[in-house]
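**Q** What follows is the residue order along each chain.
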Amino acid sequence: MEGLIPESLNEALDALSKERFIPVAGGTDLMVRYKRWKNLTPALPYPPLFISQLKELKGIYRENGEIIIKSATELSEIEKSPLVPSILRKAVSQMASPGIRNMGTIGGNIQNASPAGDTLPPLYVLDARVVLLSKNERRCLYIYEFIKGPGKTERLDNEIIYEVRFKIPTHTHEFYRKVGTRKANALSKLSVAALAQLNEEVLEDFRISFGAVAPTPIRRMEIEERIRGKALSKLDDHLIDEIAHAYEKHINPITDQRSDKTYRKKVTLRLLKAFLYQIRSR
Amino acid sequence: MGNREFKVVGKSVKKIDALSLAIGEAKYTADINLPNMLHIAFLYSPYPHAEIVEIDTKEAEKTPGVVLVLTYKDVPNTLHTTAGQGYPEPSPYDTRILDKRVRYVGDRVAIIAAETKEIAEEAKKKIKVKYRELPYNIDPEKAKESERIPPEGAYHLLPTIYEPEKNIAAGITLSVGDVEKGFSESDKVFEDRFEIHYANHAALEPHAALAFYDERGRLNIVSTTQVPFHARRITSRVLGIPVKDIRVIKPRIGGGFGGKQEVFLEQVVGLVTYKTKRPSKVVLSRKEVFISTRTRHPMITWYKAGVKKDTKEIHALRLKALMNAGAYGPHALTVMANAGSKVLPLFNKIKHLQFEGFSVYTNLPVGGAYRGYGATQGYFGFNVMLDMIAEELGIDVLEFFKKGHIKKGETSPIFEKLGEGKEGVSQIIRSCALSECIEKGSKAIKWHEKRRKKIRKGDKVRGVGAAILMQGSGIPKIDMGAAYMKMNEDGSFNLHIGATDLGTGSDTILAQIAAEEIGTSIDKIIVYSSDTDFTPFDVGAYASSTTYISGGAVLKCARKIKEEILKVAANMLNVPQDALFIEDGTVYTKDRTQRVTFSDIALYSLYSKDQHQIQSVASNIGLESPPPFMAQFAEVEVDIKTGRIDVVKFVSAVDCGQPINPALVEGQVEGATVNGIGYALWEEYVFDKKGRMLNPSFWDYKVPSIMDIPEMEVIICKTYEPTGPHGAKSVAEIGINGPVPAISNAVYDAIGVRLKKSPFTPERVLNAIKEQGLKL
Ligand SMILES: Cc1cc2nc3c(=O)[nH]c(=O)nc-3n(C[C@H](O)[C@H](O)[C@H](O)COP(=O)(O)OP(=O)(O)OC[C@H]3O[C@@H](n4cnc5c(N)ncnc54)[C@H](O)[C@@H]3O)c2cc1C
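Chains as they are written, first to last, in my numbering: chain L, 1 to 282; chain D, 283 to 1058.
Okay, derived cross-link-like pairs now, DSS-like style, lysine-lysine, Cα gap no bigger than 27 Å in a straight line:
id: 1; chain 1: D; residue 1: 728; chain 2: L; residue 2: 183
id: 2; chain 1: D; residue 1: 931; chain 2: L; residue 2: 183
id: 3; chain 1: D; residue 1: 407; chain 2: L; residue 2: 35
id: 4; chain 1: L; residue 1: 234; chain 2: D; residue 2: 923
id: 5; chain 1: L; residue 1: 249; chain 2: D; residue 2: 923
id: 6; chain 1: D; residue 1: 842; chain 2: D; residue 2: 289
id: 7; chain 1: D; residue 1: 971; chain 2: L; residue 2: 261
id: 8; chain 1: L; residue 1: 35; chain 2: D; residue 2: 399
id: 9; chain 1: L; residue 1: 35; chain 2: D; residue 2: 569
id: 10; chain 1: D; residue 1: 736; chain 2: L; residue 2: 183
id: 11; chain 1: D; residue 1: 742; chain 2: L; residue 2: 265
id: 12; chain 1: L; residue 1: 266; chain 2: D; residue 2: 971
id: 13; chain 1: D; residue 1: 1039; chain 2: L; residue 2: 265
id: 14; chain 1: D; residue 1: 971; chain 2: L; residue 2: 265
id: 15; chain 1: D; residue 1: 742; chain 2: D; residue 2: 728
id: 16; chain 1: L; residue 1: 183; chain 2: D; residue 2: 732
id: 17; chain 1: D; residue 1: 931; chain 2: L; residue 2: 90
id: 18; chain 1: D; residue 1: 742; chain 2: D; residue 2: 1039
id: 19; chain 1: D; residue 1: 1038; chain 2: L; residue 2: 265
id: 20; chain 1: L; residue 1: 183; chain 2: D; residue 2: 742
If you're looking for bench data, these hints aren't it; they were derived computationally from the structure.
Same shape as in the complex, but just chain L (with noise of 0.2 Å):
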């Protein structure tokens, strides 16, 4: 099988638009997903079309009130860069091993769609957009529409991811928990992001999403429409029970060799009310 390490995005492009590869970027995931006997290379279901290497996927910036991330940053860029908001910066840091992180990528972990993978919900919160290109198109996604399933995807197999964006949160109260087992190279049982806008007493935004609870990360935009805009002093412990319930539902977690289904919905509902309680705390 013959691969391709192009030179530019174009030449990527040119050649995505006439034959089918698989693009690899750190290869994190795709090296364990296709591995077969040590020291044999990877069962790729098509050839490699090697992206790491182009500058027009690297680097994060900052651009009329949004923050750009290319598709082929490493995390471990991510973790230390400045621009990037705090919450996602959390996320990335306890994801993997440095190892991994060096060479791992952000696209990577959207493409991968992994119910435990661990950008997906700060980006959710973060209202994110996927930009995909190809030869002859752009779209521009949100990320909770470009996510489909457990590996599923809107992406054509002409596209590259070639950025995400979003626009500078600038909320008050933020929150990021993951619980693994071990503090490296552990995958999420679950975890918690969550941003909240507080001003005068109101709070005036309020946005969440879990992860690894349910094939794809939750965000429930009808629920938080009923927080958004109360009063402080509306937010009691009534309203906070009737706002878990209303998640309820909508967690569905698994069990399976990480974790019990029992565990994880328990958990993420009580890092919800945490979160409350913390915001009711100013």
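Following the hints, position chain D with the ligand against chain L.
**A** This is chain D with the ligand only, laid out in the frame that chain L set:
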């Protein structure tokens, strides 16, 4: 004797194999490739219990590159045990290389040998097997009433309880005093149940073996073994090849921890090479190591303790143990016995004692030797019970430990009553610094500042807990090690030992023991070990025996060769032998007026007069098994929202007699501790209903990473063990026994919840909080 000045012993000399390992020159089994070598793969059972009704290997055999396919029809059907123990093994003969019946998911169904590993792996998929599924059982508490698991004809060499028809692999009961009377005389009786789980040794080097014929037609086997001599004996028996025609060699090893005290690959490569007359090799994958090798035996223990209020002492204690042996019974008797014999003597003043242990067969992976060997299982409940009792009595558990533990000059009736497959050996403790260990360890963890303080930060609460432990040093009156030395003309010595260095550094410390005794430097000792043709016998590396047993043999051997050296020197200098002494490789007259170097002496003895080889040989058996002692302390932080436990600091204070090599002692203690922390928190076999392991990879089976290692402190409380070589006792196993109970006790100190079922995953912690009705 206690404060002897040492020159080589007690120094952290470099490991003698360090450089060769670091630069990749030293070879592990998997590194060795021979021309024309075959590669072996195994087909494993997907069912927990089934009979092979039909097995069709034709397609597999036709695959280009496949040379040999073996099923139960093609292999010797000798019943044996894979436990690499002394003869007669205290483990049932219940295993065949391949059998018509498979007894757990991971049991072997067929052996495939091919030109490459890939071909062998591909070909095995073409073997068609028709199974008849049988009723299976994965619950040890239901074993006695379940379908028989061991084969017809399975037997035990020792006169011990063995009832295969009831799935009982071993049983022991013994009493001291009258425990029922003891309970009735007590003011308060405590009773609890503890459950400890399956785990894998997770040695970084997977199991591997290689066989070839040498030019004289002898079968040579290179393997990742802790027990080369047992491997030779068992392979010979199973294959019906005389011992004289087999040579077993142990190259460098990447960790054993008990997992390689098991003989299950040697007979396979031996058989393939025997049948094909070609070299053959097998290297297991990580998945195979998990599902098909050996594990820590899970155990349920029930402790019952009667306490007297006036003396604040335990008056009566009963320990019932139910061990899950898995589908076969290697170590089923002895690991279970050690849950009693390594635990109960620690509190030796208890008047009434009872131990009742059973090991049962289930359709789950096979247990075996694993660092700690039953003591780990027994000490969990023991130390948690002590913590509960001390709390009830209103005394600091450390005071309770200090008062209750066995001291120098004392004994316990258990030493004599409970041994390894037979009665034990009575002994008096000749060295013990456990109280000092408790004292120093508690300072290091800041016990008095932190205990009962429940220091809370947000959702996280801190607590400290402790555990005390003992192990043994070899199996007394059973384990034997031997050493041979000869002197070369440059004053260097070859030291040949059967002992097996598993990465532990035993080659190095045995050289230190020899150099110290002879009076020379360590670079003059050329160590060659673990080769059944060229080294004398040694039982191998297990039961914390190498330093004490093999080290004792080396010491005796060195002492003898020293005598020989002095004899020759006396002749050369024409003075009486007792007018001489040795210093730094030179023999001096006491007045220092005359001297001859070792090199002079060797040259003289080889070439000048009365020519002979200066040499010596010695064997050593342990007449006793002096226990090392340890106090371990954990500081934890518990997240009450998620139930996640973080170990923030861990202190181990150890009395291992005189440390031969302090850096290696620390390494052993730290390694065992981390091993124990991983076991306490995450490492576990997750099974589905049919006993299929769901997490057979390092991806899902989590051993601690460097990020998880807490601040660790190892404190060596030196003693001098008069029966040990240069005062040494063992140190390799003991450190794994404490983390489980110490962490459980620390969590109780933090949040008031008793964890009695390991591992302490966030899920279990939240369950325990709920079960114990706590509102946090
Ligand atoms: C030991 C280990 C630990 C891990 N721990 C975590 C963890 O804690 N949390 C977590 O979320 N993940 C974890 N991962 C998964 C992985 O590291 C991340 O998902 C990483 O972000 C993947 O990036 P990559 O560049 O290596 O992806 P690759 O393996 O290169 O690619 C992944 C997928 O994305 C596609 N792809 C990549 N880039 C693009 C692009 N620009 N356009 C279109 N398609 C693209 C590839 O074709 C492939 O299908 C871990 C992996 C390992 C090996």
